[in-house]
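Chains as they are written, first to last, in our numbering: chain C, 1 to 410; chain D, 1001 to 1247.
Certain hints may be false.
The calculated DSS-like cross-link candidates involving lysine-lysine, where the alpha carbons are at most 27 angstroms apart (straight line), are [said to hold, decoys possible]: (1) 1085/D to 328/C; (2) 1175/D to 328/C; (3) 241/C to 256/C; (4) 51/C to 192/C; (5) 51/C to 179/C; (6) 179/C to 163/C.
It should be emphasised that the hints constitute simulated quantities derived from the structure, not laboratory data.
As the structure is a prediction and not an experimental result, all values here were calculated from the model.
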Amino acid sequence: MTILDSILVALTALRSNLLRSILTTLGIVIGVASVIILVAVGNGAAGEVNKQISALGTNMLVVFPDAMRVMGRSSAAGTALPLSESDLVALRDKIPGVIGVSGQIDESAPVVRGNLNWTTAVSGVHPDYTMVRDWPVAEGREINAQDVQMAARVALIGPTVAKQLFPGENPVGAEIRIKNVPFQIVGLLSVKGQSAMGRDQDDVMLIPITTARNRVVGKSDVQVDQVGRIYLKLDEQTDMKTAQEDIETLLRQRRKSGPNSEDTFSVRNLAEFMRARTEVLSTMSYLLGATSAISLIVGGIGIMNIMLVSVTERTREIGLRMAVGGRKRDIMRQFLVEAVTLCLFGGLIGVALGIGIASLIAYFASWPVDVSVSVIGLAMGAAAITGIVFGFFPARRAAGLNPIDALRSE
Amino acid sequence: MTAVAKTGSEQGSAIIQARGVVKLYTIGDQELRALDGVSLEIEAGDFVAIMGASGSGKSTMMNLIGGLDTPTSGSLLIDGRDISKLDADELADLRNRAIGFVFQQFNLLPRTPAFRQVMLPLLYAHPRPEDMEAEARRRLDQVGLGNRMEHLPRQLSGGQQQRVAIARALVNNPKILLADEPTGALDSRTSEEIMRLFSELNAQGITVVIVTHEPDIAAWARRRITFRDGQIISDERQSSRVREAAQ
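One chain only, chain D, in its complex shape (with noise of 0.2 angstroms):
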């Protein structure tokens, strides 16, 4: 039922580009090795799940790859560029062109609405898109809340919230959707529903990469890759029978 992957697939050129990548924190005077030599590829329009016991350095690979953190060596090319290369500044451009986040806590900020909230990543974009309403209303119309448009986080269910989230993340048509536990804080239905909305936007040709420790969401995705004391100790390819069994 599961394939190792093989780097090269059909799916294309690696949008994601790991080699040797090395994560070292100095906590007090001991030294974590959080990653440790991780190589990796992961093709465009992919659908993987990250997964592993919390320690395992799953959220520092999702870090390093959303840009918010570099390795200590090694590289590691996303969307073609070295992350170790760029400063603070090109960095943040980075995240803002080429990576949508979603979170397990939505992190939606309060008292704002929604469409707003969609707005907040062209707000930071150079150069900035033209309509950035319209753009903004288009994505969450897109996500299944066109009649939520003006709503405040509190008069949104934690689904709804989780789709406000998904709207922000997809309005910079970032090449990747990047998601930490998107339904940790959601009943199973509700998770359910997310998980199929990432489906269908991988389907539209987004490269999706969710870090989960729960199987039932891991199973959603094409190729599984799990993490255990900083390096990868399994790398699989799952069936699409496995895939709709979860759907």
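If we strip away everything but chain C, and leave its shape as in the complex, we get (with noise of 0.2 angstroms):
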């Protein structure tokens, strides 16, 4: 018997109780569908993470003003101690290796053009902004320290706010007016897609921060030299985790807090924080790699039993191969290539449904999936392993028999 005959055997034997063969290949389809979902899932997302990382821009530390703590609770958001301008210029001045750093403060706001309006995020920020964040502005000019002292009526427009209230025009040079206070648009942004938790980064406006503080953030909210967060760019050479105590320390230090009490304020690497996201992608992998593991072992087992099944009732057929010249490796071959049809069958019904639910993923959740022909090959490579694996005792019983108790049997 060649490999071929077999196959053919095993194909007659498969198609004769089809009904059979497609439930006892549930367990596997499960078992493949799942590792090209979790595959196509986990790469698409990976790529999408490390998008988001350099999205956040590169060699970033952001500083918080936190929320005081009272007997290790949080107080009231208002409570924080803010972040003034002179820390931004201490933080400047003092921590080496920075090359850029820049407040925030955000506030929610109507824009006005003409009849069209849209509500965004206003952001005061300073000139070192675009720098730090790695957000060039497209067309047009960024803000400058003279808008900053001048507290000058300009903004960058986010590409997204530019498609609202500028259809189909270049918005640099225009006039717009935020919480009726006008603006002159100095600059385009660059797209900058959206951020890890699914916001569009490019809804948004980017103004000077002493302009937001004078004009657009409610005075009672914000005092004169409050600065929101900062963020600060270090130069490639800087150590991250160095800077990051070094801005720690001097924070302390101005803030007069004891080594031992709690700080009021936070310094993040969000391209850490970013990382152990992807970490917690990564766990997830394990789990759906165990389940799916489980799944061929559980399909598996599901083979072994249908192919003991199978052995039983075609004793006699076992005998008569045995009778006309097969030898026991025959048999033996035989049973194994069936074995490995079912997996393999089951397998193909696995990747059809696996892609079909990465499709239907993408679609729905738009969470790219990304299904690669090696993982085709891998999915239906631990199809055909399994099928090698359960269909070995089956086999080995089947080619044990003794011809004429085979013969004999029924």
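Could you use the hints to bring the two separately framed chains together as a complex?
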């Protein structure tokens, strides 16, 4: 018997019990489908996370003012000790390796152009902001030091806002009103895309931080020299960990907090934070991986079970094959081929199902998926190995039959 | 009318040669002596019926002749090879090359067309013949089923199924056709057709050994060997008159 003959015999046997064959392979179908989904979604997500990490800005640290803690509990948001311009200056001058620094105050505000209006996040920032965030303007100019000093009514417009207020037009040079204050648009920001949380980062207006304090953010909400959070960009040679510790030490000194008291600020490396999220994602991948491994094992046991049934049902056939000259290894191979064929059949269905579900995820969750040929190969390989492993015992039992007893059975 | 067969008759050299063959089975702690020192020679080209009640040892003898089992002691030469000295693979090859099996229950594969049934032994041959399908179709033609090549077993009558089985037994050009109660599942008219086919094949030179408990069937053979309690109790040549009467 050649392999081809064995495959033909296997197909005949499987077709004659079609429903049984399909039900038997369900475990393999699920196992293979989850392998496909796992890798497709995992790869897509990893690519997306990398994109987001670079979108955050490289070599960047953020200092947040934290709510004060009383007895280990956070107090209300308003109790946070704000960061001030003098903090920002101190950070810029005293931390080695800082090449850019900017505050950011946020306010949600309606932006009006003629009869069009759009509510967006208006952020007051320093001139370094676009450099620190690796977020250059696509057209026009940046906010400069003079703008900040003069509290000029100039704005950079995010692509999403531009699309809403200036459909098909170039917004640079145009005038808009933010909270009824007229602003001149001096630049159009480049496209940054979605954040890790799915927020549209392009739905934004940037204005000088001084202007924001004076004109946009409610007076009662902001102190005169408040800067919100502070973004710092460090040069390539600076170790992020050291810089983070330096910043913490400096701010503690400035706030005169003792070594054991709780900090009223926090310094975060957002890229690290993103990487931590990636690790969560990879933990989930392990879980999904375990799921597919378990389904393949359970599916394999199903295969083994049905192959044992098949050996029993076809004992006479086995006897006949031996009587007409089939050797042990011919019988063995035939049942192994049958088990593998069954698994590959389930594998094919699983691949189709997996690609289908991955595409649905891609479509509805707008989550990128990446189905590669190597993944399909991997999944089919896993199915084939399952067939060999779990087909081995039934095949050996078939090959070990005594031809006389086998012929006489029934 | 009958004569005790002599070894080394006009048919030529012995194709089956048993000397003091003993076969023991152990069932629990009981030892069963299925064959108790059987010596026997069957000439090439002969037509032999092996008779006996159940438990007489005739089935055991058939299994040994067919190379499905090996003797506990004694020697058994099939086509010149001592089967007690062969391993499992060599026995399989001997069965494939030298023996054609015909069973009471036909033992056809379900859902398999006739010509594929007949091809089966060729698939296990070493080396494999060139055009297996043509050979299978030729054999089906030979047993009178030229117009039933693609039929499935369930589309064939009992007699036709047994013909397919006989074509399958013939396809490897075996020296011995070994039939175990080949008419046991057939009516008397069909049985006669099948026995006539065996006679024709025997006339073409193939050695035919039929195991049966029916005297009517045994009457077709030239030689009748009867077993009881694991031993041969009679071994007779039947005259052509008896055989013609049976036909």
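Evaluated hints:
1. Restraint check: the Cα-Cα separation between residue 1085/D and residue 328/C comes to about 18 angstroms, which is no more than 27 angstroms; the hinted pair holds.
2. Pair hint residue 1175/D plus residue 328/C holds up; C-alpha atoms about 24 angstroms apart against a cutoff of 27 angstroms.
3. With a C-alpha separation of about 22 angstroms, the suggested pairing of residue 241/C with residue 256/C holds against the 27 angstroms cut-off.
4. With a C-alpha separation of about 10 angstroms, the suggested pair residue 51/C and residue 192/C falls inside the 27 angstroms cut-off, and the hint holds.
5. Proposed proximity of residue 51/C and residue 179/C is contradicted: the alpha carbons are some 34 angstroms apart, above 27 angstroms.
6. Only pairs whose Cα atoms come within 27 angstroms are accepted, and residue 179/C paired with residue 163/C is accepted, the gap being roughly 19 angstroms.
Violation of the numbered hints given earlier is confined to hint 5; every other hint is satisfied by the structure.
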